[in-house]
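Trainee: As a plain string of letters, each chain reads:
2 protein chains.
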Amino acid sequence: MDLKDLFVKISEFEGKVVELNGWVRNHRPQKEFGFIDFSDGTCFKHLQIVYDNTLSNFETISKVLVGSALNIKGIIKKSEGASQDYELKAQEITILGLCPEDYPIQPKRHTREFLRSLAYLRPRTNLFQAVFRIRSVAALAIHEYFGTHNFVYVHTPLITTADCEGSDQMFKITTLNLDKVPMKDNHADMSKDLFGKLAYVTGTGQLHGEAFAMAFKKIYTFGPTFRTENSNTKTHANEFWMIEPEMAFCDLNGLMDTEEEMLKFIVKYVLDNCPAEIEFCDKFVENGLKEKLEKLVSSNFTRITHHDVIDILKKANVKWEYEPTYESDIQKEHEKYITEYFNGPVFITNWPKDIKAWYMKTNPDNKTVAAVDLEVPGAGELMGGSQREEDYEKLLKRCQEMNVDISKVDWFCNLRKYGTCVHSGFGMGFERLLIYLTGVENIRDVIPFPRTPGNCDY
Amino acid sequence: MDLKDLFVKISEFEGKVVELNGWVRNHRPQKEFGFIDFSDGTCFKHLQIVYDNTLSNFETISKVLVGSALNIKGIIKKSEGASQDYELKAQEITILGLCPEDYPIQPKRHTREFLRSLAYLRPRTNLFQAVFRIRSVAALAIHEYFGTHNFVYVHTPLITTADCEGSDQMFKITTLNLDKVPMKDNHADMSKDLFGKLAYVTGTGQLHGEAFAMAFKKIYTFGPTFRTENSNTKTHANEFWMIEPEMAFCDLNGLMDTEEEMLKFIVKYVLDNCPAEIEFCDKFVENGLKEKLEKLVSSNFTRITHHDVIDILKKANVKWEYEPTYESDIQKEHEKYITEYFNGPVFITNWPKDIKAWYMKTNPDNKTVAAVDLEVPGAGELMGGSQREEDYEKLLKRCQEMNVDISKVDWFCNLRKYGTCVHSGFGMGFERLLIYLTGVENIRDVIPFPRTPGNCDY
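Just so you know, the protein sequences line up as chains A and B, in that order.
Numbering of the first sequence is given in our numbering, commencing with residue -9 and proceeding in unit increments.
Numbering of the second sequence is given in our numbering, commencing with residue -9 and proceeding in unit increments.
The reader is advised that the hints may include incorrect statements.
Each pair may be met inside one copy or between any two copies, as identical chains are not told apart.
Unchecked claim - 30 Å max Cα-Cα, derived DSSO-like pairs, lysine-lysine:
1. K98 <-> K309
2. K(-1) <-> K35
3. K6 <-> K21
4. K282 <-> K309
5. K384 <-> K254
6. K280 <-> K63
7. K68 <-> K79
8. K407 <-> K63
9. K384 <-> K63
10. K68 <-> K273
11. K258 <-> K309
12. K258 <-> K282
13. K21 <-> K(-1)
14. K98 <-> K6
15. K322 <-> K280
16. K187 <-> K35
17. K224 <-> K182
18. K53 <-> K326
19. K(-6) <-> K258
20. K407 <-> K53
21. K309 <-> K398
If you're looking for bench data, these hints aren't it; they were derived computationally from the structure.
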């Protein structure tokens, strides 16, 4: 049986025989008996196994090293020790797979840098048991939220020929032999490639998502995304997962309602379903994590325009590294100040149009667009979204102004010709959410096998 | 409100005013009144809107064309017509976005080939409303099944440098300028690429999944997968989604138990949650679809060895195009015969080792491996899996025999050194499942924006 199912109602198993498979996480053999910290990975908690020299293979078992796989039969008993309520008194222990002395994962603190070099073994440590179960539970929370709110889950394509985001940020994907690229007129002859033209792996599913929102009203994507950024920071990876909901008949206010409700739902879901993992992260990763998350669930999110934010920043008695201006983006130092100023999450709306994307809805002032960034204390910018320009003529004009090649996005613009409506969407980087949920600071530690410049092992 | 929420308890809304946003799917204007088939995409069913010349904008509304977006306020009433129970008597209709006469999606039968050329509009048709909602619901069913069975959802990487599957089947991914690939010793100088070496997008998450199964006991992946196959058939696409569960402490029988339970769960979930969509597909796509699916849920899956299957095929009074042999794979004609022979799904186990992958568990006969394919009537091979070779020395030997470059998979082999155990996993192509669930025959019609050789539009 799974340890998780055992722990759910362990008192009912008192005095009963159970059979478990799992791994030795720690082992304290004594002369005539021994204790094993036993885990099968289905829950964060370990079970203490007690065995003694009545076992026929007592000598062998007492030499078993950390990391070994065992099958154990025994009786659940109230524990005499103080640290756990129940333990298992072993009647039979069978060795499934031994582990040698040079096993790199020992029951002691390892640095995260060291564990990163062992990405295939690190999920066996407490930290990564917590992080990757929270990753899994948060992903289910996202599907649960959207599934129960009438959203259709859409698998937008990763391979794309639309380079409207700027193709220098996208990986090229090819079947050509790179040692001998076929040439034509001094250019690679992409007609020889599988798709007959140059193709990329995408950085967004938004454009395709909008087409589906105009048929299903509410949709979301949840899948991997790629960026070629040659940047070695704690928050950049070349492969990461994104959630991109898109809603027809929804303006910027409706969008913020959904962002706020969704985030609270996910955080509450993780608090409810990963109490042991959150407790561990609170204790060993970020002190105050649990309180931070609980506070978010019950907080009111402020809504304020970019203009008014700049006003506040200008009036602040702070010497800024970057002077805030009405025309430009805000910096990390500003984000921090504003979330502290309002003591909670802040939606910043109506951004200067020149620093935002071409598909966003231009406001009546013709200076700003109906965009919104959500700033969360301790997380920075967690989501970015906008109302989309739903007017065909205005969208074409924006394409021209922003040098977007209309021939590559004509189908997308056509959505405005056939029954257009006010619609909005946002994107949330899943890893950014996980950094917030776990307190882990480096994106490399919330991705199973991270890909960053120069690093593509395993 | 969403049409879906209205239909759930429409009788409670009788006599009440509701407000809806959606699109005109059909319109029958008369002289003094009119009928609109109205859909907002949140459910398969349309609502009939009745309006008359008491509307202030009656003339305008009666000229509204199919595809237009409307906001409608009105009262829910028992319908006098026979075709629906309730309808909405409009009090106010506001035009949100008109649709021109040349709108290609008209309320008539379009060929699927035609609709494929309009991938961004086809989700507005009945067929694709059904198909893509079933796709979404089936995806949720998968997460629901694994989430409630203690599996951890793992996002295995798509970018990989491990080419153990045969790199000729994988797309290369690069940031190099293909017009001027930097060369060194007559080869592309991949040290200049973002990862410092040649990288691919992967065709499987299994290897990485096994590493996580050895920490979490039960895991699954569910994500996009890529193949470069230059094949223009109804069942091949270059980008598709796969589900790959992996279970520690699980042998081939346990694997088959999970495959069977999971498949029945998904099919039942779709039958329960998409009754209107299944009914539509049953009527217009595959006659008998619903009965086929219901039969699967209650059927017993046969378990039989490849050897015994060949016996049956050899004894059959059939003139085969491909003669069945004990050493080779079985063909479509054989699959069909066997599922008809047993009148239900069939697990075929213990395949000749030379035609299967290097990581599969060699059976004691040293001729076969503990692999299993699931053959389903009307779907062919729906899943493929195996017990994995858990013995370190035997696995290395298989690598050598099969010419697998051990240096590329050393970490994977090492999993057998550190607490190894019997473990098993399988893969299911999500689109193959959808073809089975919807009756749609062509993989291009179950993928939102399909990518096939020469086709990468949108």
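Trainee: Hint by hint, which ones does the structure fall short of?
Mentor: 1, 5, 6, 11, 13, 14, 16, 18, 21
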